[in-house]
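For the record, the sequence lines run as chains A and B. Heads up: the first sequence begins at 28 in the working numbering, then just goes up one per residue. Heads up: the second sequence begins at 188 in the working numbering, then just goes up one per residue.
If you're looking for bench data, these hints aren't it; they were derived computationally from the structure. Take the hints with a grain of salt, since some may be wrong.
Stated by the list, open to error - Which residues of chain B face chain A? A few of them, derived with a C-beta cut under 8 Å, are:
1) Trp243
2) Ala253
3) Asp254
Unchecked claim - Computed cross-link-like contacts, DSBU-like style, restricted to lysine-lysine with a CA-CA straight-line distance of at most 35 Å:
4) A:Lys160 / A:Lys227
5) A:Lys227 / A:Lys421
6) B:Lys274 / A:Lys106
7) A:Lys189 / A:Lys227
8) B:Lys247 / A:Lys436
9) B:Lys274 / A:Lys333
10) B:Lys247 / A:Lys122
11) A:Lys308 / A:Lys331
12) A:Lys327 / A:Lys308
13) A:Lys122 / A:Lys160
14) B:Lys247 / A:Lys165
15) A:Lys122 / B:Lys211
16) B:Lys211 / A:Lys160
17) B:Lys211 / A:Lys165
18) A:Lys327 / A:Lys436
19) A:Lys331 / A:Lys436
20) B:Lys211 / B:Lys274
21) B:Lys247 / B:Lys211
22) B:Lys211 / A:Lys331
23) A:Lys436 / A:Lys335
24) A:Lys63 / A:Lys160
25) A:Lys122 / A:Lys106
26) B:Lys247 / A:Lys160
Note that beta-carbon positions come from the ideal geometry of N, C-alpha and C, so glycine has one too.
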Amino acid sequence: MTALVRSYGDRSLRSLVDLDRGLVSREIYVNEDIYKMELEQVYTRAWLFIGHESQVPNPGDFVVSRMGEEEVILVRDRKNELHVFLNTCRHRGMKVCRYDDGNTLVFTCPFHGWSYDTDGRLVGVPYYDAAYKGDMDKSEWGLPEVAQMCNYYGSVWATWDKGAPSFEDYLGPYADMARRVFQSTDGEDNGVELFNPVYKWRIPCNWKFPGFSFDGDRAHGAMTHRSINVAAIGPQGDANGGNRSPLLAPFPYTDYEMTVPELGHGGHNAIYDQPGVAPYKDTWFTEPGIDDYYREQREKKREKYKDKYIVGETAHIWPNVNIQPHRILIWHPHSAGVTESWRAYPIDRMAPQFVKDAQRRYMMRYGGPCGLTESDDMENWNYASAASTGTVAKRFPYNFMMGAGHAFKDEEGAPGMTLNYEVAEENQRSRLRRWLEFMEAGSWEDIYPVNPVSPSAGQAVKAERGTV
Amino acid sequence: MSTASDAEETKSEAIADSAVRSKKVIMITDLPEGSQVRLRNGQIAEVTANPRDGGWLFVKILESDADPSRVGTDDMAFCVDVIDVIK
């Protein structure tokens, strides 16, 4: 950070992110010093998505994940407890696990042979009696474990910061929405599993390009994804103009950009004008039998939720993950100019195999490294990143003015949320606002409990719903 | 010119290698549960689990003349300490 301060004289981070005017310097997307600062200020503090318990169903099962740039191991120990450990030997730092997933009794370092039980304890040290002669206490040299871990309805999250609030408090008003994402399509908790393996690939852009715009940038769809709808990749084929998303039955709702700017979470979400869940509308015209399964599931969910007002069903959980009923998108920072994208696809655990297969094929057409939707997105993020690194280019800030000053509250329809017109940049401003708070904070005490959003920060609060 | 540290390193390697070189190669990765092995410290141990990492065996000590209190205890045996397969 000292290099940044020297380079920019009196230009503090706050001067680079001017939310009052909706101007954000390109520097925060390309600068190496800022990136390194993010790894400490954001990625060692925030709650991060690790994986799903369905990836490690049996004792000894493990899967390698990431927290920021660093590899971690999600493992179920022999007592059936989940753990998240840093993937590094305490002796000389070698990775103790070099597989993506598997089952093991111990993690043995291939360098000198230090060996760790699945609960992280150091249990094997070569020449221990003869060479250490009792001078080293093995109990002090276990694998580094995260400060807090949460199994949230089957999804596993962790933070390196013991001062962080609980995961449920971290989610705030998005806790209920996040819970529903991990329900099966009949509305039952812990009802999904993830397809294996998880997609992983690297793209040449800063993690904030996708991480701060996805599910917060509806304006891009009509232009960027026009070709997908022409290609009709959705399960309904070319019905409904080829729209790539499943068809929806009529159910009165209004779409908004919805966010909790104090926490950074948000998404494109609907407020429904009546309780319950919309009836199922047949969609899978190209895959016989699939609609029968989903229709039956939907009826069970409708019964379960018949008296409940639903608010939305997707959420961007700050800083770098978006959770949706059929896909989880994670953007890991890899370097200032490289992001490692991961895609995990939840599917009803109890669904028949032919339903799982059909859903998997749809998701492969839709997202991931070969999916048409994300191919469109990647092209934008990658070229925008490349065109923002130049000396002259960096003189020109990005424009985040869309909808600024027109946000409002609807405590009855969406408690705790801040709303804006369905095509706005409210979510992106919220994520940038929280980013600035994390980057400036000395500890969690500075950023939680949260400070109410100031109307002057591009978040004007209007009393009445529907004023936009 | 040899130095003291060179000599120490050579001696260390010799200790590590002696167990392996004194006998046939023992592929501990292949040892099933129930196998019995002789350890460099003279103990006889039964393999209770094999992580198949090529480095370690989970064992139960069956005989330990130097320290009888170890009999019946669970331990881990490192590859170079396994000098023979008895059964």
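*Hold the hint about Trp243 (chain B) up to the distance rule: shortest CB distance to chain A must be less than 8 Å.*
holds, 5 Å
_Given hint Lys274 (chain B) paired with Lys211 (chain B) - CA-CA distance at most 35 Å_ = At roughly 15 Å apart (the allowed maximum being 35 Å), Lys274 (chain B) and Lys211 (chain B) satisfy the hint.
*Assess, step by step, whether the Cα of Lys211 (chain B) is no farther than 35 Å from the Cα of Lys160 (chain A), and give holds or violated.*
holds, 29 Å
*Measure nothing beyond the straight line between the CA atoms of Lys63 (chain A) and Lys160 (chain A); if it is 35 Å or shorter, mark the hint as holding.*
Judged against 35 Å, a Cα distance of about 41 Å means the pair is violated.
*Has the given pair, Lys274 (chain B) with Lys333 (chain A), been kept, meaning a C-alpha gap of at most 35 Å?*
violated, 67 Å
*Satisfaction of hint between Lys165 (chain A) and Lys247 (chain B), Cα-Cα up to 35 Å*: Between Lys247 (chain B) and Lys165 (chain A) the Cα gap is close to 20 Å, so the pair holds against 35 Å.
*asked:* What's the verdict on Lys227 (chain A) and Lys421 (chain A), does the C-alpha distance respect the 35 Å limit or exceed it?
replied: At roughly 30 Å apart (the allowed maximum being 35 Å), Lys421 (chain A) and Lys227 (chain A) satisfy the hint.
_Given the hinted pair Lys308 (chain A) and Lys331 (chain A), is their Cα-Cα distance within 35 Å?_
Given pair Lys308 (chain A), Lys331 (chain A) holds - Cα atoms ~18 Å apart, limit 35 Å.
*Holds or violated: Ala253 (chain B) as interface residue toward chain A, Cβ cutoff 8 Å?*
Result: violated, 11 Å to nearest chain A Cβ.
_Check the hint pairing Lys436 (chain A) with Lys335 (chain A) against an upper bound of 35 Å on the C-alpha distance._
Holds, at roughly 20 Å.
*Per the CB criterion, is Asp254 (chain B) less than 8 Å away from chain A?*
violated, 11 Å
*Taken at face value, is the distance from the CA of Lys106 (chain A) to the CA of Lys122 (chain A) at most 35 Å?*
holds, 24 Å
The structure does not agree with the numbered hints 2, 3, 4, 8, 9, 22, 24 stated previously, though it agrees with the rest.
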